[in-house]
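**Q** Chains as they are written, first to last, in the working numbering: chain Y, 1 to 241; chain U, 1 to 251.
Just so you know, the hints here were simulated from the structure itself, not pulled from any lab data. Misleading hints may appear alongside valid ones.
[As the list claims (entries may be wrong)] Within a straight-line C-alpha distance of at most 30 Å, the following computed BS3-like cross-link-like pairs (lysine-lysine) qualify:
hint, chain 1, residue 1, chain 2, residue 2
1, Y, K80, Y, K116
2, U, K147, Y, K134
3, Y, K134, U, K174
4, U, K162, Y, K132
[To be verified] Sample of chain U residues facing chain Y (criterion: CB under 7 Å; computed from the structure):
hint, residue
5, L153
6, S156
7, L157
8, G158
9, Q163
Beta carbons: idealized from backbone N, C-alpha and C, even for Gly.
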Amino acid sequence: MKQPALSFIDVSFSKGDLHIIKNISGEITAGNITAFIGPSGAGKSTLFRLINQLTTKTTGEIIFNSQSIDTFNPMTLRKKVGVVLQEAVMIPGTVYDNLRLPRQLEGRDLPLTEAKDFLRKVGLEEKFLHTKAKELSGGQKQKVSIARTLVNEPEILLMDEITSSLDQVSAQAIESLITSFNHDERQTILWITHNIDQAKRLSDETWVLIDGECLYQGPTADLYNATDKHVRDFLEGGDGP
Amino acid sequence: MTYFTLSLTLLFVLIPLILAHVLKLNIEKDIIIATSRSIVQLLLVGYLLQFIFDQNDPLFMILMVGLIIFAATHNARKKGVNIKGITWKLILTYTTIEILTQSILIGLNITPATPQYVIPISGMVVGNAMVLSILFLNRLTDEVEDKQSQIELILSLGGSPKQAIHRQLITSIKASTVPTIETQKTMGLVQLPGMMSGQIIAGADPIQAVQFQLLILFILLTTAIITSVMLGYLSYPALFTEKMQLNDNLK
Numbered sequence: 001m002k003q004p005a006l007s008f009i010d011v012s013f014s015k016g017d018l019h020i021i022k023n024i025s026g027e028i029t030a031g032n033i034t035a036f037i038g039p040s041g042a043g044k045s046t047l048f049r050l051i052n053q054l055t056t057k058t059t060g061e062i063i064f065n066s067q068s069i070d071t072f073n074p075m076t077l078r079k080k081v082g083v084v085l086q087e088a089v090m091i092p093g094t095v096y097d098n099l100r101l102p103r104q105l106e107g108r109d110l111p112l113t114e115a116k117d118f119l120r121k122v123g124l125e126e127k128f129l130h131t132k133a134k135e136l137s138g139g140q141k142q143k144v145s146i147a148r149t150l151v152n153e154p155e156i157l158l159m160d161e162i163t164s165s166l167d168q169v170s171a172q173a174i175e176s177l178i179t180s181f182n183h184d185e186r187q188t189i190l191w192i193t194h195n196i197d198q199a200k201r202l203s204d205e206t207w208v209l210i211d212g213e214c215l216y217q218g219p220t221a222d223l224y225n226a227t228d229k230h231v232r233d234f235l236e237g238g239d240g241p
Numbered sequence: 001m002t003y004f005t006l007s008l009t010l011l012f013v014l015i016p017l018i019l020a021h022v023l024k025l026n027i028e029k030d031i032i033i034a035t036s037r038s039i040v041q042l043l044l045v046g047y048l049l050q051f052i053f054d055q056n057d058p059l060f061m062i063l064m065v066g067l068i069i070f071a072a073t074h075n076a077r078k079k080g081v082n083i084k085g086i087t088w089k090l091i092l093t094y095t096t097i098e099i100l101t102q103s104i105l106i107g108l109n110i111t112p113a114t115p116q117y118v119i120p121i122s123g124m125v126v127g128n129a130m131v132l133s134i135l136f137l138n139r140l141t142d143e144v145e146d147k148q149s150q151i152e153l154i155l156s157l158g159g160s161p162k163q164a165i166h167r168q169l170i171t172s173i174k175a176s177t178v179p180t181i182e183t184q185k186t187m188g189l190v191q192l193p194g195m196m197s198g199q200i201i202a203g204a205d206p207i208q209a210v211q212f213q214l215l216i217l218f219i220l221l222t223t224a225i226i227t228s229v230m231l232g233y234l235s236y237p238a239l240f241t242e243k244m245q246l247n248d249n250l251k
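Kindly generate the complete structure, drawing on both the sequences and the hints.
**A** Written out as structure tokens, the structure is:
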């Protein structure tokens with residue numbers, strides 16, 4: 001039995017009267033790719049923000065490395081739980097400026113040779129190193145964004161709809177990149193996607209979030225055996241309740 | 001100038017009133033309110049200053065400077081309501097630049113410690129700092145709103161709040177001090193400063209007036225930089241929570 005990379009115990013998050021995450025419990029298996037699917041506004045991105053403490057949960061516990069995330073210094077936690085966002089935000093400057101950012105935040109620098117290694121790792125040629133980040137295509141930006149997060153050597157990678165704004169070719173390239181990380185380095189990956197087929201293709205396990213509740217968690221292979229009506233409606237193309 | 005002569009200057013108010021009426025600008029009421037307020041406020045200040053000068057008591061002088069700082073804080077704080085503790089941060093900033101300015105001027109015997117010098121110079125210094133803080137707070141709020149994703153990117157990579165907001169802080173400090181620096185570049189070419197012009201009209205030697213104006217310009221430059229840097233570094237922690245997240249009311 002694999003150790004959980006993350007455990008959720010009755011986690012909720014509310015903003016005023018709005019209950020965005022409702023009593024979520026469950027475990028994320030280390031070394032697996034876990035997909036998070038569900039309709040828009042189901043609370044998937046909020047759950048990711050709770051994990052790396054960009055937002056604070058209202059109640060419950062999230063356990064990482066056998067410790068509540070509340071006991072971590074947020075800066076330390078965010079390095080260990082890296083996040084890649086849909087919009088692939090770049091800081092002004094070159095690709096190299098973006099890659100060295102995590103090290104600079106620690107008062108160090110990223111040597112050029114190491115930067116080239118990170119570029120190769122995400123399938124980009126080293127000639128891009130001195131290209132202005134704003135001149136890159138969407139897919140290239142997303143690769144740089146992944147490489148930048150990898151510089152921190154995170155134990156868990158959170159991917160928030162990273163292929164949703166990309167064309168099919170770029171999306172496939174990112175998918176195979178992530179799959180190879182998972183296979184080669186046993187990297188634990190949590191992946192939010194709107195695309196059920198993508199979840200089926202890539203993930204070992206799937207969580208279905210609908211209206212802030214987790215209504216299915218289990219092997220992706222068993223997803224279509226789910227008994228919950230809302231999950232079945234969603235899988236059949238509905239929008240949930 | 002007699003009150004009769006002063007009343008004749010109201011002719012200058014008539015011109016914009018007529019233009020506003022003819023062009024249907026719908027600002028006649030504002031012009032009348034602005035004119036009335038400036039007459040009442042300035043006459044009141046005039047009598048108040050006359051009273052303070054006659055007393056020649058340091059306590060009244062300090063009270064007047066306190067009043068200037070209070071009024072400036074009251075005006076500027078509206079632009080930073082999202083920043084917790086903005087009132088005391090503004091008071092601390094204005095008080096610091098006031099103490100710094102007067103310490104240099106009085107300490108080095110450049111100006112005497114009399115109300116005639118201390119109060120007008122305080123008005124100019126704190127007034128300039130007030131405009132600057134409004135520019136700074138406006139810009140910082142806009143920057144945080146526009147660049148929220150960049151700020152959160154740095155936080156998500158393990159950066160501290162100071163590192164996350166550094167770029168926005170520097171941009172806002174620069175943007176708020178630019179008007180002071182640019183005005184100084186064209187000083188004397190495009191405009192004659194109000195205080196210098198006033199002294200010359202009152203019969204002072206133009207070179208003396210220029211020397212005094214230069215003194216004020218240098219003070220304003222120093223206080224401009226100190227105001228925005230001090231306010232910036234006092235304000236940014238309030239933009240984040242204890243958990244190093246951007247405050248919800250800024251999103």
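**Q** Taking the earlier hints as the rules, which of them does this structure contradict?
**A** Nothing - there is no hint that the structure violates, so all of them hold.
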